[in-house]
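> Sequence:
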Amino acid sequence: MVTVRPDAPIRRLKGASVAETRSAIVDLIRSSGTISRTELAERSGLTNATISKIVRTLLDDGLVSEVGYAESTGGKRAVLLELNSTAGYAVGVALDTAQDVYVLVDLSGRPIDARSVAGTGTESPEAVVARVARDVAVMLADHGIDRDTVIGIGVAGEGRLDLPGRVLRSTDSWSEWDDFALGHALTAATDLPVTVDNDANCAALGEFWSGRVPSTRDFATVYMATGIGCGLLVGGDVHRGASSNAGEIGHMSLRWDGPPCWCGSRGCLEVLAAPVAVVARARTDAALVARLGIDTTTDGDDARAVTADVRATFARVAAAAVQGDTGALALVEESAEYLARAILNLVNLLDLDEVYLAGPGFATAGERYLRAVQRELHAHAVMRGTHPVHVAMSAVGRDAAALGAAAAVLHARLTRTRAGRG
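FYI, our numbering numbers position 44 of the sequence shown as 44, with every residue one higher than the one before it.
Just to be clear, a hint being listed does not mean it is correct.
Here are the simulated distance ranges between beta carbons [unchecked claim]:
(1) 57 / 113: 26 to 34 Å
(2) 324 / 130: 46 to 54 Å
(3) 68 / 118: 21 to 29 Å
(4) 62 / 305: 40 to 48 Å
(5) 188 / 371: 46 to 54 Å
(6) 291 / 19: 53 to 61 Å
(7) 110 / 148: 14 to 22 Å
(8) 350 / 371: 29 to 37 Å
(9) 243 / 385: 31 to 39 Å
(10) 380 / 68: 33 to 41 Å
(11) 386 / 363: 28 to 36 Å
Derived DMTMM-like pairs: lysine to aspartate or glutamate, alpha-carbon spacing no greater than 25 Å straight-line [as the list claims (entries may be wrong)]:
(12) 76 / 106
(13) 76 / 66
(14) 53 / 66
(15) 76 / 42
(16) 53 / 42
(17) 76 / 20
(18) 53 / 82
(19) 53 / 71
(20) 53 / 39
Think of the hints as simulated: they come from the structure by calculation, not from any bench.
We put the beta carbon where it would ideally sit given N, CA and C, even for glycine.
Using the sequences plus the hints, can you model the full thing?
Structure follows, in structure tokens:
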């Protein structure tokens with residue numbers, strides 16, 4: 001894939017395929033806001049004649065519009081081009097045990113609507129597909145959007161991807177989803193193209209699509225909800241690995257003598273630092289339980305209620321930590337230090353330029369986690385003397401997975417690359 005950003009160096013596209021060249025030009029128009037044909041030629045290294053030919057096809061396809069003139073530089077004023085944001089729409093759906101999130105975006109990636117509903121809980125995959133199809137239809141109808149203008153639906157899930165079958169695989173809590181062809185089932189139910197990816201990859205795509213990160217920089221988005229995952233973008237595209245499951249930072253073992261993890265290892269980041277681990281430790285502190293009014297009930301058959309309770313309790317502990325409660329602060333800081341150590345390993349391994357923290361797990365005490373990661377990288381990153389690693393909270397917000405799922409659809413359409421699995 002060839003992707004060009006307005007703040008990136010000029011990239012020579014000679015020798016690239018027609019599809020790659022067109023994709024790069026579309027992306028440059030989108031990320032620039034408005035741009036002239038001359039500027040497109042300068043940035044891409046293509047001839048004016050080639051740019052004119054590509055732009056003509058984009059105008060004919062309705063993807064680009066002419067929107068006025070650039071300021072005069074002494075000669076004929078250049079016509080400005082802009083992505084036609086109303087030429088298409090995408091829906092992003094983040095499936096989660098406790099809460100599902102839907103977003104609707106236009107062709108530029110601008111959010112039009114976002115809404116939350118009860119999560120998948122213990123619903124069967126078939127029931128979830130039927131419900132999502134209904135919810136998407138309602139959202140489109142609410143905005144008077146013709147289905148023919150919808151490019152597709154992107155789905156972000158908690159599970160792993162099975163590359164050969166292009167299905168969403170289960171986590172320990174999603175056993176019913178094993179071998180379920182979610183993309184194919186939802187396509188059949190909606191008659192729309194569907195891409196499926198995990199929540200961390202989607203969050204990373206959302207960060208990239210926001211225009212915040214140049215395609216010349218390699219970065220990771222660490223996504224924390226109940227567990228912890230990581231999406232990696234290298235050269236403007238998701239790094240997936242052999243089975244499409246790269247980025248399992250939650251199963252990086254940090255303590256060989258640590259508690260066992262469901263994956264079979266011990267001392268994984270997820271059992272040391274994830275919200276579910278913090279809540280489990282908080283429930284063993286009688287004084288903290290009393291001060292914060294924490295419910296110590298840990299069992300139950302309602303997966304949706306159990307997950308929602310874990311997140312609510314973690315938010316309570318995080319809020320107490322921010323307010324200076326010593327017991328809560330110790331738990332959050334321990335979690336943050338483990339996360340920082342894992343991110344350090346990731347940065348040293350991949351020589352990343354940037355790291356972003358995303359997801360609902362960072363909503364309350366995100367700054368605590370951010371400072372811990374910044375300290376660790378500043379002190380111990382192997383290449384710190386060569387280049388600093390920029391660390392920041394995500395610009396996309398707590399709905400990063402859903403917005404990123406919609407971005408995955410746009411990414412695939414406008415850059416003609418494999419943004420996810422159908």
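> Work down the list of hints and note, for each, if the structure agrees.
Verification of the hints:
no.: 1; hint: 57 / 113: 26 to 34 Å; in the structure: 31 Å, holds
no.: 2; hint: 324 / 130: 46 to 54 Å; in the structure: 47 Å, holds
no.: 3; hint: 68 / 118: 21 to 29 Å; in the structure: 46 Å, violated
no.: 4; hint: 62 / 305: 40 to 48 Å; in the structure: 47 Å, holds
no.: 5; hint: 188 / 371: 46 to 54 Å; in the structure: 47 Å, holds
no.: 6; hint: 291 / 19: 53 to 61 Å; in the structure: 60 Å, holds
no.: 7; hint: 110 / 148: 14 to 22 Å; in the structure: 20 Å, holds
no.: 8; hint: 350 / 371: 29 to 37 Å; in the structure: 22 Å, violated
no.: 9; hint: 243 / 385: 31 to 39 Å; in the structure: 35 Å, holds
no.: 10; hint: 380 / 68: 33 to 41 Å; in the structure: 51 Å, violated
no.: 11; hint: 386 / 363: 28 to 36 Å; in the structure: 34 Å, holds
no.: 12; hint: 76 / 106; in the structure: 33 Å, violated
no.: 13; hint: 76 / 66; in the structure: 16 Å, holds
no.: 14; hint: 53 / 66; in the structure: 15 Å, holds
no.: 15; hint: 76 / 42; in the structure: 17 Å, holds
no.: 16; hint: 53 / 42; in the structure: 15 Å, holds
no.: 17; hint: 76 / 20; in the structure: 30 Å, violated
no.: 18; hint: 53 / 82; in the structure: 16 Å, holds
no.: 19; hint: 53 / 71; in the structure: 24 Å, holds
no.: 20; hint: 53 / 39; in the structure: 15 Å, holds
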